[in-house]
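From first to last, the protein sequence lines are chains L and E.
Residue numbers for the first sequence follow UniProt numbering, so the first one is 1 and each next one is one higher.
Residue numbers for the second sequence follow UniProt numbering, so the first one is 1 and each next one is one higher.
No lab work stands behind these hints, which were simulated from the structure alone.
Watch out, some of these pointers could steer you wrong.
[Said to hold, decoys possible] Derived contacts from chain L toward chain E, CB cut-off under 7 Å, selection only:
hint : residue
1    : E11
2    : F15
3    : M42
4    : G111
5    : E162
6    : M164
7    : P190
8    : V192
9    : S193
10   : P231
As the structure is a prediction and not an experimental result, all values here were calculated from the model.
Beta carbons: idealized from backbone N, C-alpha and C, even for Gly.
Number of protein chains: 2
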Amino acid sequence: MKILIVHAHPEAQSFTAALKDKAIEVLKAQGHEIALSDLYEMNWNPVASADDFLDRENEDYLVYALEQRKAVKNKTIAPDIQAELDKLLWADLVIFSFPIYWFSVPAILKGWFDRVLVSGICYGGKRFYDRGGLVGKKALVMCTLGGREHMFGEGAIHGPLEDMLRPLLRGTLRYVGFDVLAPFVAWHVPYVSDEIRQSYLDECEKIFTNIGEVEFLKFPSMSDFDEQLYPQK
Amino acid sequence: MKILIVHAHPEAQSFTAALKDKAIEVLKAQGHEIALSDLYEMNWNPVASADDFLDRENEDYLVYALEQRKAVKNKTIAPDIQAELDKLLWADLVIFSFPIYWFSVPAILKGWFDRVLVSGICYGGKRFYDRGGLVGKKALVMCTLGGREHMFGEGAIHGPLEDMLRPLLRGTLRYVGFDVLAPFVAWHVPYVSDEIRQSYLDECEKIFTNIGEVEFLKFPSMSDFDEQLYPQK
């Protein structure tokens, strides 16, 4: 498989980075091709703006998604976005590696979604969810967080982690058509012992050795909704 | 009241900006004091990094939240963060004005949360939710989006918008202790008629004229959980 890893952590020696390195090691050993976007190392610009378009459809008023549609057609999107888009379209599987900040991705990664998941290619009109532009590709979220596992789930203080990650798993990754694999989560990372960290690395190795066996999350299908996107009677 | 408006839209003439301007006009007319953080205009840096600390607790290994705790105590946090933090602590009500990008906030605003909601002041240890550091303040989300209203709600294709906004409303704003008001949402904005836009401006005027009457969202209370944050028996 062709695998893109999008990694976002401000500390190169972090445990999040160690998990990413372990994933690369295991996947390479199996003969997969790997591309890495290390957003902090690349000094990735996360801010969507008019500067993202080398030539504007409308110079006087910016509608970001409309400019994206023109720019991807005419190849006038900013080179840093085009480079990421090329990697994204090349990949069969995209792994997102990051620490949870505010029950979500760090801003630098949010801005990768904002700028790279372009209208006209990744989605557009009624091309979303199981009709999204990236149908056939897989995505996997690999994240670390400070909270303990018992603080998440039904009845727990924060509720299920997947509910907190809904705009990412469903609203972003599934929206553009990815088959979304069950996330890999390392809990309580800043506070755990080396033994527990090693057990996370072992779990990471196991998951990436058997990546074909990770279950897919389930989402609604467009075929359950009519042309106006109301539920089918 | 002292009111901070945090606004994030790449187009100064946008309808999102018009709603923000309407809110300011109405609130000023009632005698409220207003501060504005227009993140695009300020060229706000959304990327949390080691540069956010003028003096490091640990120069060799960055744990972002730990550095925050030291830096807010010693007043060694980066000046752009300190300025926003001062406005945040001054405000009784904070309004977040933005277009929905990927069922969430634009990256530039995500990075305001990542950098400004500092550990040690806004939260820390078991000081979160109804024991968060900003208890007593109110927050209101005012957002625009491309989707139609019937695409959100129970049984709708995207489910309830508040479920998509959970990491923001609950995981961020309520986490630090805000009383979170019911969001103000303008649907289908890029595609609607001037009449419908006017009706949104009218609705905005009404809401901000009667800001004391907007209902609060309901969230779990820390008192329902024990010292280890397990549900109380």
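Status of the hints after comparison with the structure:
{"no.": "1", "hint": "E11", "in the structure": "holds, 4 Å"}
{"no.": "2", "hint": "F15", "in the structure": "violated, 10 Å"}
{"no.": "3", "hint": "M42", "in the structure": "violated, 11 Å"}
{"no.": "4", "hint": "G111", "in the structure": "holds, 3 Å"}
{"no.": "5", "hint": "E162", "in the structure": "violated, 11 Å"}
{"no.": "6", "hint": "M164", "in the structure": "holds, 5 Å"}
{"no.": "7", "hint": "P190", "in the structure": "holds, 6 Å"}
{"no.": "8", "hint": "V192", "in the structure": "violated, 13 Å"}
{"no.": "9", "hint": "S193", "in the structure": "violated, 16 Å"}
{"no.": "10", "hint": "P231", "in the structure": "holds, 6 Å"}
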